[in-house]
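Undergrad: Sequence:
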Amino acid sequence: MINIPYTYYGWWFNHADLVYLIIDSFLVIIYCIIWIICWNKNNVFKALSLSIIPSLIFLFSGIMLCSILLIIFSIIFSISHIIISYINAIL
95 MINIPYTYYG WWFNHADLVY LIIDSFLVII YCIIWIICWN KNNVFKALSL
145 SIIPSLIFLF SGIMLCSILL IIFSIIFSIS HIIISYINAI L
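Take 95 as the starting number for the sequence shown in this note's numbering and just add one per residue.
Be aware that a few hints might be false.
Pair by pair, the computed Cβ-Cβ distance ranges are [as the list claims (entries may be wrong)]: (1) Y100 <-> I169: 33 to 39 Å; (2) I169 <-> W129: 19 to 25 Å; (3) S174 <-> N137: 37 to 43 Å; (4) W133 <-> L185: 31 to 37 Å; (5) I169 <-> I116: 20 to 26 Å; (6) D111 <-> A183: 33 to 39 Å; (7) I181 <-> N134: 34 to 40 Å; (8) I177 <-> Y100: 27 to 33 Å; (9) F107 <-> I181: 26 to 32 Å.
If you're looking for bench data, these hints aren't it; they were derived computationally from the structure.
Since this is a predicted model, take the numbers as computed values, not measurements.
All C-beta atoms, glycine included, are put in the ideal place defined by N, C-alpha and C.
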């Protein structure tokens with residue numbers, strides 16, 4: 095991993111890494127549960143939930159790590175991933 099100067103500031107507070115691991119683990123578990131429940135379904139709920147949750151994981155990770163580039167690219171990823179998933183679900 096390459097850290098470009100002035101774009102990565104590290105954890106916000108003490109034990110932020112623990113909060114990061116707990117929240118991200120919770121989101122991954124929710125993602126897996128929804129994926130298992132909606133295995134054979136093709137609907138808007140599945141498309142949106144399976145695109146919003148990874149977006150939240152990336153955005154939360156960028157915020158907790160104070161990584162400017164991760165926040166910027168997670169916003170770009172979120173917008174495009176959610177829109178593409180929604181369009182594929184309604185077609």
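Undergrad: In ascending order, which of the hints set out earlier in this document are inconsistent with the structure?
TA: The structure breaks hints 1, 3, 4, 7 and 9; every other hint is satisfied.
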